[in-house]
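Enquirer: Chains as they are written, first to last, in the numbering used here: chain A, 1 to 197; chain B, 198 to 422.
Keep in mind the hints are simulated off the structure, nothing from the lab. No incorrect hints appear here.
BS3-like cross-link-like pairs, simulated, lysine-lysine; straight-line CA separation at most 30 Å:
1. B:Lys-274 with A:Lys-110
2. B:Lys-200 with B:Lys-417
3. B:Lys-272 with A:Lys-110
4. B:Lys-339 with B:Lys-320
5. B:Lys-280 with B:Lys-320
6. B:Lys-280 with B:Lys-200
7. B:Lys-274 with B:Lys-204
8. A:Lys-110 with B:Lys-280
9. B:Lys-339 with A:Lys-110
10. B:Lys-272 with B:Lys-213
11. A:Lys-110 with B:Lys-320
12. B:Lys-327 with B:Lys-280
13. B:Lys-339 with B:Lys-327
14. A:Lys-143 with A:Lys-15
15. B:Lys-417 with B:Lys-384
Covered by chain A, according to a simulated footprint, are these stretches of chain B (three or more residues, beta-carbon under 8 Å):
16. 245-255
17. 281-293
18. 304-317
Being a predicted model, the structure only gives us computed values, none of them experimental. Glycine is no exception: its CB is placed at the ideal position from the N, C-alpha and C atoms.
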Amino acid sequence: MPLKTAQQMFSLPGKLTGVGIKLKDMTQIGQFEEDLYNEPGIQIVSMAQVRGTILNLISSAKVMANSVAVIAIFIALIGVVNTILMSVFERTQEIGVMKAIGASRPGIFKLIWTETVLICTFGGVLGNILAVLGSGLVERSIKMVLPYAPSGQLVSIKPDLLVGAFVGAIVLGIVAGIYPAWRASSMVPVEAIRRGE
Amino acid sequence: MSKLVVKAEKLSKTYKLLAEEIAAVNEVDLEIEPGEFVSIMGPSGSGKTTLLDMIGCLDHSTSGRLQILGEDVSKMKESRLVKIRRGQIGFVFQDFSLIPTLTALENVQLASHFAGMAQDTTKSTALLEKVGLGRRINHLPKQMSGGEKQRVAIARSLVTSPQFLVADEPTGQLDTKNSSEIIGVFKQLNDEERLTIIVATHDEALGRQTDRAVYLQDGKVVSYS
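Just chain B, same shape as in the assembly (with noise of 0.2 Å):
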């Protein structure tokens, strides 16, 4: 049987704001299957975003056990979050999050360049052209819309071969026309390639259509599905 994605044991996060402590997640049980497409959903403040953090190795729980890939990185340093994030974790950010002086195909490449791959333009077109971008290449962030930049920045999750995709409102800045078409080309990512993808979102469409959804309010998994 192969390594479970995600396997967190009483996984909380705190914050201290002044005497009060708030738990934005407090102790969530977690197993994710190799490939998997799993929706996070709940209101604002709910702990959606603190818990891809974790999970996407970003950042880390104050106390219980979160297991990636098999590997314990609740106490693990920097140094080596780093290395489980390029080659392992893909991330896609609500606001796109591209740099703005880097053509598409470029801002590809700076992922592979951090993984320290060869600059394979082949690759970093292939991906471009499968998120339907292969006659934006060449383009800035500027000169795309919004759904063509989140293209983009799921061509850049996909360049390092990673293990999952983590995605953080990935339809939150998008009209329904360009939300539809990014949820497409995650679930064929999911169907094709049983790429193992988790999403936090409020976006029921998305939630619809990923194979089970984690409910959470005040940091609390409230329900399965």
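Next comes chain A alone, as it looks inside the complex (with noise of 0.2 Å):
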């Protein structure tokens, strides 16, 4: 059939390129494209297809996604033992005192490894409020964005991802910390208040 003639018999001139069928047998639908696939001029796109591209652009985003994660989780680390480290530089000298008027080394290491953690999990706490209250943003851009979004709920945020988030800042806090608690704990006292003078 040609295209003008179904556009005119779905008085949609110019504007119909695609014609959707149900099938009351469902049992049936393969037997219906293989016959369909002999006609010329004419594309047969089954729903299991629609299925299957769809279910492999989800997989393939959540490889994307859990990259970007990983990557960004990579890059928390180094920028917490960084900030960290810089701010054991900056209080050389105060670690030096500490360990002058009598803090010893398990002392400092422990003071820089909490302060860590706790900043961590403070950043964790944050993260997951911001990720909820942003969640709602996210959402209405997608719908903004995309032509035929689903009406349902697009981005869920479930209990056990915010749990894992705020779960996963404090490991990253213990093994941030890790370094530059060691390094500030390893300061040689006189060196460490001449060094800040």
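Got two chains here, separate frames each, mind docking them using the hints?
Expert: Put into structure tokens, the structure is as follows:
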């Protein structure tokens, strides 16, 4: 059937380019597709193919999102190590004085380590709050951009994800704090005091 | 007879600068009795601070022998030195070295915390009152004058009830009025409590108030008075 004839049949001249067909007996779908494949000028796309394509896209998106998350975690780890290390260097004299007045090596290690874990825990709480608040904004933005967005909820943050992110932030703090804490605790008091002057 | 607070025998500290060896302290012999108020004097670079760092168990000697309260600390490990520092020695630094985010009271309590002592607010407050800062206990260092900061540092150095104080240029950043007040605090501690005090200084006014002065030049003791 020529395209123009089909457009006239459905009273949609110049607009109709595809027709959806629903079978009463779904077991016949394979045979129906086979029959239509032989018709010239018609392209057949079954829902199974559409679903497969969407699932492929979703799994690719998941791999992408996970890769971005891993890279983000790595960058966050480097960022936290760098920030705490800078803070340790800025407080070199303070650490030297603490050692002079009696702070032990494990005491200084514990101090810096605890500080890092507390900062990361606070970051985890703040991140979760921002994620929950930001998800509504992201959802609205997607729906504005996508022409045929589904009516249901697109972005959903489940409680286990929030708990995972929070625990992840604490673990990140525990790992990231080790090196700066070790550097601080290894400072020789007299050198630390003089370096800070 | 009670133990000497400090006994140094041919105590030396050398630093390597490229291929050259520089002797900051060169074969110093020194004995300090309990209850003495001693000043270590000399021009800049004479080795006063280096000698004081070794006496304060903050640094090791390169050679010679150093006994603090009868214990040989010359080759002692850092973990043992920490225990001596926190229990036996009080420190006062030229730049006060207070923790800027802590109040006067908290700065004093910090030393007792590191010494593993119970957080005794009464003792810390009493020490701040003793140095004339009873009304400033909840002030931050940035809200205090140089003299007041140095008084907090003195109170901090006393909170662990040390056997002796070491003070490195304690009046170095103070004006004449504040200097004489700080000297007065040291003198009072020495006179009333027989606390041994060792100060490194070029402040002649402070030197005159001490029982005796040890003069250093190029790392060597050139005279005792």
